[in-house]
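Enquirer: Chain by chain, the residues run as shown.
Protein chains: 2
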Amino acid sequence: MRVVIARCAARYTGRLSATLPLATRAIMVKADGSVLLHSDGGSYKPLNWMSPPCTLRITDPDADAAAGGARQLWVVQHAKTDDRLEIEIHEVIADTEHELGVDPGLIKDGVEAHLQELLAEQITLLGEGHTLVRREYPTAIGPVDILARDSIGRAVAVEVKRRGDIDGVEQLTRYLELLNRDPLLAPVQGVFAAQEIKPQARVLAEDRGIRCLVLDYESMKGAEDLSSRLF
Amino acid sequence: MRVVIARCAARYTGRLSATLPLATRAIMVKADGSVLLHSDGGSYKPLNWMSPPCTLRITDPDADAAAGGARQLWVVQHAKTDDRLEIEIHEVIADTEHELGVDPGLIKDGVEAHLQELLAEQITLLGEGHTLVRREYPTAIGPVDILARDSIGRAVAVEVKRRGDIDGVEQLTRYLELLNRDPLLAPVQGVFAAQEIKPQARVLAEDRGIRCLVLDYESMKGAEDLSSRLF
DNA sequence: GCCTAGGTCCCGTGA
DNA sequence: TCACGGGGCCTAGGC
Chain A
169 MRVVIARCAA RYTGRLSATL PLATRAIMVK ADGSVLLHSD GGSYKPLNWM
219 SPPCTLRITD PDADAAAGGA RQLWVVQHAK TDDRLEIEIH EVIADTEHEL
269 GVDPGLIKDG VEAHLQELLA EQITLLGEGH TLVRREYPTA IGPVDILARD
319 SIGRAVAVEV KRRGDIDGVE QLTRYLELLN RDPLLAPVQG VFAAQEIKPQ
369 ARVLAEDRGI RCLVLDYESM KGAEDLSSRL F
Chain G
169 MRVVIARCAA RYTGRLSATL PLATRAIMVK ADGSVLLHSD GGSYKPLNWM
219 SPPCTLRITD PDADAAAGGA RQLWVVQHAK TDDRLEIEIH EVIADTEHEL
269 GVDPGLIKDG VEAHLQELLA EQITLLGEGH TLVRREYPTA IGPVDILARD
319 SIGRAVAVEV KRRGDIDGVE QLTRYLELLN RDPLLAPVQG VFAAQEIKPQ
369 ARVLAEDRGI RCLVLDYESM KGAEDLSSRL F
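These protein sequence lines map, in sequence, to chains A and G.
Numbered per this note's numbering, the first sequence finishes at 399, counting up by one with no gaps.
Numbered per this note's numbering, the second sequence finishes at 399, counting up by one with no gaps.
Just so you know, these hints were derived from the structure itself, not from any lab.
All copies of an identical chain are treated as equivalent in the list; a pair is satisfied when it fits inside any one copy or across any two copies.
Straight-line Cα separation of at most 30 Å, DSS-like style, residue types lysine-lysine; simulated pairs:
1. Lys366 to Lys213
2. Lys389 to Lys276
3. Lys389 to Lys213
4. Lys213 to Lys248
5. Lys248 to Lys389
6. Lys389 to Lys366
Use the sequences and the hints to build the structure in full.
Expert: This is the structure in structure tokens:
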């Protein structure tokens, strides 16, 4: 990885056009050729960047740019699209390079998949007597997170989200419409289950006869640990 | 901005939990206290990070960690949530710091707002005789991108997207349902306008009687330039 | 302050 | 390969 601190200006063209006026910034060039242009604030998102696969070519600036103070022109061209990032280097303040090697990568926990898994195991959170039919129940427009049956055998389709907003309700609505065309399943009850349900989503869901269920991830995880100790 | 190249391990806890095994990485500490942990590949997104507002506290590692080879423990604590990033530094390979100053920021062109603006100016792209009522026409659930009238005065609601997918059709459907309750507007025709319309979105839109319109940004921009030269 | 909608979204997964 | 859904999404704008 090469890190350059430099006074520079930049221009991106591709899916949109964007320009950066002259200022001092950190330029990170990764082993795969990708380039990030960071300012000293904001967030993890660079001001400007080029994703791999791409190639960096360093040339002399044209006469106009040189007259304006540019010493180098960096052209980062994407390999498959016409996305291009051009950086005019006016002054290099630092320039260092280090071998980092391949990263073993990030290990995550606590995402939607886990929530869905826990709810499938603890299916009676839907109500007493509920039984699991299957997770990722397939339909023509994609899999429903969970299909279950209630205590008297009626089908229940569940959409699981970490945060429940309107999109999730729309998604479940489409599934319900489809599932209700199946005479072996209809009528199918909808349940919108999430750690947090936005007020607008709740209104929309209830307006459509969809039940809302707030999930407590920590207590569900606790129940899982308990059952794994017992069995 | 401080840039440290170091062999390190890290752990994030907050909205989820994530761990990074020991490896050599680049650590960027910005002036606002935010921290980014980058590997030598991937994309612009760090492996792990902490967004501002947050504070970095550097301490000695506990006995266990020290026995495992850790020399320093960096704790980055978010100021408003319980999000926390802990970095165990095992070996510092480089450590540099530079003043960057405030960045003048990015200037963008070509996003959805501009597309909406151009379509409002060139409203007859919807069809001969169409006239603009207004952009961002307000409704109870948010503003419709464009409201227009066709050549014989019937209301037309337009949703503008750069890339048109199912979500956009759902959004327009909600607006149409609401607008059609207004006797001064009903019946309202829907138009889904985008630079690119996904096949599934087109099917859904046409199934609901919504017209699809593919926009050519470059030619619309050309027409704008032409008219600005003429008037 | 919350909430909505867009993004050069990125990025995985599965067809 | 493409399309869809999730994200510690982030970020800008409206109320």
